[in-house]
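Here is what each chain is made of, one letter per residue.
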Amino acid sequence: MSGNRSTVGIPSVDRAVAELCKLPGIGPRMAQRLVYHILRRDRSEIENLSRALQDLHAKIRRCSICGYFSETDPCHICSSDSRDHCVICVVEQPQDVFAIERTNDFHGVYHILGGALSPIDGIGPEEIRIRSLLERLRGDIREVILATNPTLEGDATALYLQNLIRPIGVRVSRIARGLPTGGDLEFADETTLAAALSLRTEM
Amino acid sequence: MGRDTEGVEFAGVISVTLAGPNSKKSLQFGVMILTHLRLIHWRNIASAALELRPGLTVFTGQNAQGKTNILEGVHYLATASSHRTRRDQELIQWGESTAYIRGEITGSTTSRLVECGLEPGKRLLKRDGQPLARVGDLYGTLCVALFAPEDLEIIQGSPEHRRRFLDVTIAQMQAGYVRLLQQYRRALRQRNRVLRSLKMNGSHSEIPQLEVWDRSVANLGGQIAAARRAAIGKLGPILREHYHGLAEQESVEIGYESRSEGVLPTEIADSILDLLRTHRHSDVERGSTGYGPHRDDITITLDGRSVAVFGSQGQRRTSALALRLSEAQLLAEECGEPPVLLVDDVIYEMDRERRGRFWTRVPENYQLLVTATDHRELAAARECGGMFHVENGSIRPA
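Quick note, the sequences are listed as chains Y and P, same order. Going by this note's numbering, 30 is the number at position 30 of the first sequence; the sequence numbering is gapless. Going by this note's numbering, 134 is the number at position 134 of the second sequence; the sequence numbering is gapless.
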């Protein structure tokens, strides 16, 4: 066998495959399947898809308050009357907002850092949206919930923020880590189980 | 004769009596046996499929024919690392682009399949057909204790060799330890990067960042040091017994040497945090972290004197051997199943009498994979369950 297995020799197909391959979770095979699927569809359908993709960049911007994706500025959460603007939940990525919103249990507002502290990746406090968070705390804020990922870098970022926020006099909390609901204890990984044990709650 | 009192019963639960003063204590072990080993393009072995029996299996052949490569393969299936190289590339047969090894393990209750595929710059580990995302997940599936000539480095080499010996032992009996080590290493890299940028910029604006990584290093380091101290505490009495059984009068001691203090992970973490804060200036100057478990050491002494410094060659060899025997026993006690013992040449560096004593210290129910240039003496010491002849990378039953 010779040549690159992911090319078929038709320039426009190869180009589409190459572009699709850049997307997360899509390999050459999947990309080819998508391309052939698209080719079988009506032209109008494909135009809809390509317009939808183009609109993403044309219409979506970052909310100037929280950093979430939005077609309006401020975003629908920051401009909502029914949300508690005195409680800010700090997350690493916009998709984390989506995850928390699905719970329907949080009625405050968000702040998206856009990453976590990681000096080896060149990410220091200036590279993520910490300054704008501190500016928001000048207002009437009751509590900051730190919901960065439970990773080495997420924990470090939470600790860093806590050290900055506590002196201001705003209440700081960290989301709990523990067992998934409905899961079996015996199948929990040891790190999670150890955390759940050491962070047990009084009954 | 009742089955449950028979010597080695294949993959069953048997009763073992451990040698030594505590020999009254009879432990119930499930026996873990490596039943099949497949090696493809592994070192100089083009292809081999071995069926292995409980008890002793001997690999004979001249030097440099590939005997050690077989044991190295088994060790790799247990730990995803080689004792001879850090570069996986060297494990792939010359002129080939991939290597593959597979082991079937039958335990007291289940059987498992571990596989490893190597390509330059890439490694795929599988257990029971499922890819393993983390190296740490592999540990504990197959437990091994490897006796190799390189063990002498544990006694006389740099502290890194001793830390590695201890870490691999703990990793095999404590789930999550490998991940802990990886996280610690990453936290150190993060902290060192901040130290270096502090040195370059000389500004104090990065101190709050450094404090965050101080705490990560201290917390993770505290857990590692606590696990190591606990393991050393358990190894101590076992080591004394084995050393005494192999050698003469000297009394051997093993200790954990660290600037941090405490027993509980949180106590040690506080102690490390203290050290990091006190020595921050020198850390910034050097651009690296001078305190923590990555700088700790293990001391081994005979009658209070360091074996590395004052021990004779014979004493060092005996110490290394006793250390491995102790590791095997600790693994057996902690995991409930004796590890597979991989014995590579090392015992031939001792005199015949000591070799004889060595075999009496290895319980009969252990599965043993042994390399030998001459198998006759071995056959006299112990009943042989299988023998293979290794010549120029090809392995055939002898």
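Please keep in mind that the hints were generated in silico from the structure rather than gathered at the bench. Even for Gly, the Cβ is constructed at its ideal location relative to N, Cα and C. Don't take every hint at face value.
DSBU-like, lysine-lysine: derived pairs with alpha carbons at most 35 Å apart [to be verified]: (1) Y:K22 x Y:K59; (2) P:K234 x Y:K22; (3) P:K126 x Y:K22; (4) P:K126 x P:K234.
Ranges between beta-carbon positions, derived for each pair [unchecked claim]: (5) Y:T103 x P:H36: 44 to 54 Å; (6) P:R189 x Y:A194: 21 to 31 Å; (7) P:S288 x Y:E19: 38 to 48 Å.
Quick check: which numbered hints come out false for this structure?
Violated hint (a single one): 2; every other hint is consistent with the structure.
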